[in-house]
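Produce the entire structure from the sequences given, and follow the hints as far as they go.
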Amino acid sequence: MRDVTVDQLVPAIPIAEDADEAFQMTEEAFRLFYERTARSLWAYLARISGDRRVADDLLQDTYYRFLKSTAAIEDEAHRRNYLYRIATNLVMDAKRRPRVEQSGVDARDEAALRAPGDVARDAARRVDIGRAMARLRPRDRALVWLAYVNGSSHKEIADTLGLQTTSIKLMLFRARRRLAALLDEASK
Amino acid sequence: MKEPFEDVDAAALAAALRDDHDALCQAAHVPPAGLVFWRSTIRARAEAARIAERPITLVQSLATTFVIALALALVGAVWQAMPDVIAQHALVLVLGVALCLLVAPIAVFVALGD
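Residue numbers (numbering that gives the first Met the number 0), protein chains in the order written: chain A, 0 to 187; chain B, 0 to 113.
It cannot be assumed that every hint is accurate.
Chain B stretches covered by chain A per the calculated footprint, using a threshold of three residues with CB under 8 Å from any CB of chain A [what the hints assert, rightly or not]:
(1) 39-52
(2) 91-105
Taking lysine to any residue and the SDA-like style, the derived pairs with C-alpha atoms no more than 25 Å apart in a straight line are [stated by the list, open to error]:
(3) 67/A with 17/B
(4) 67/A with 38/B
(5) 168/A with 9/B
(6) 67/A with 54/B
(7) 154/A with 17/B
(8) 154/A with 9/B
(9) 67/A with 9/B
Keep in mind the hints are simulated off the structure, nothing from the lab. By construction, the Cβ of each residue, glycine as well, lies at the ideal position given by its N, Cα and C atoms.
Pasting the structure below:
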């Protein structure tokens, strides 16, 4: 029997070249999926976390976990929902760690408030939305965003947030009412 | 299937949120897809390497524990067999065992590192 050293053993374990083969899609398929979803997902992360730096950090993490997952994906909608589910869980985990809560308002929007006409009005509305969303609970932010931006069904929202489908309608109604009240308050 | 908005306020809110989404998407500086895939590959390899190293670390820990236990048992047995000799050369023996315990891991490291 031949003597084997640790250095000879380690490369024999298929880790170096085959790591990306464990991913659930090829690089080309990933590129196409990423192009379709990345900006929208970043916007979701930024609004739900209330912090753009957190969104920057979690974007990579979300796609990594998505690529590594072994879940059976049925179609494009399911794939997208699964991606948002991972993102939501990561934001909720990040929220449990102590950190400084951001206002949810972009400095560029604040600067645009001083611009003339429609630019300032649009910026003011975004600032209001940002501030109001930042004052909602993270789960409520996710609820209204998934429902009204992504157009997700109650079942899809329930799957993404890990909630009962039957409770979504009421929760969404309450979240929307809170957001409307906060926006009303901000516009006064 | 999509649920319809319950009332006009919901539609207005949805429009405002979509505008906010569009503005955020325009402002987003997301890294290129290739970079995200490459980073994921690197991270997956690092995790795979860490998982692969676990059994080696476990075997090394077990081996170290076994060697220490064997040395202590040997010292105990010798102590019982020849208490007078041990008492006379206690310092030398303790230093000898300590040296062995110190040198053994280094020797194993050097042997496996070649």
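Hints and how they fare:
Evaluation of the coverage hint for the segment 39-52 of chain B: fulfilled, as 9 residues show C-beta separations to chain A shorter than 8 Å, against a requirement of three. Chain A is given as covering the segment 91-105 of chain B, and this is violated because 0 residues of the stretch bring a CB closer than 8 Å to a CB of that chain, at least three being needed. Between residue 67/A and residue 17/B, the direct Cα distance comes to roughly 31 Å. Violation of the 25 Å bound is thereby established for this hinted pair. In summary, the hint linking residue 67/A to residue 38/B is supported, as the alpha carbons are separated by about 12 Å, within the 25 Å threshold.
Proposed proximity of residue 168/A and residue 9/B is supported: the alpha carbons are some 13 Å apart, at most 25 Å. Between the alpha carbons of residue 67/A and residue 54/B the distance comes to roughly 22 Å, so the proposed pair stays at or under 25 Å and holds. Of the supplied pair hints, the one linking residue 154/A and residue 17/B holds, its CA atoms being roughly 21 Å apart against a limit of 25 Å. At most 25 Å may separate the alpha-carbon atoms for a hinted pair to count; residue 154/A and residue 9/B meet this at roughly 19 Å.
At roughly 37 Å between alpha-carbon atoms, residue 67/A and residue 9/B are farther apart than 25 Å, so this suggested pair is violated.
Figure legend: structure checked against the earlier numbered hints; hints not met, in rising order: 2, 3, 9.
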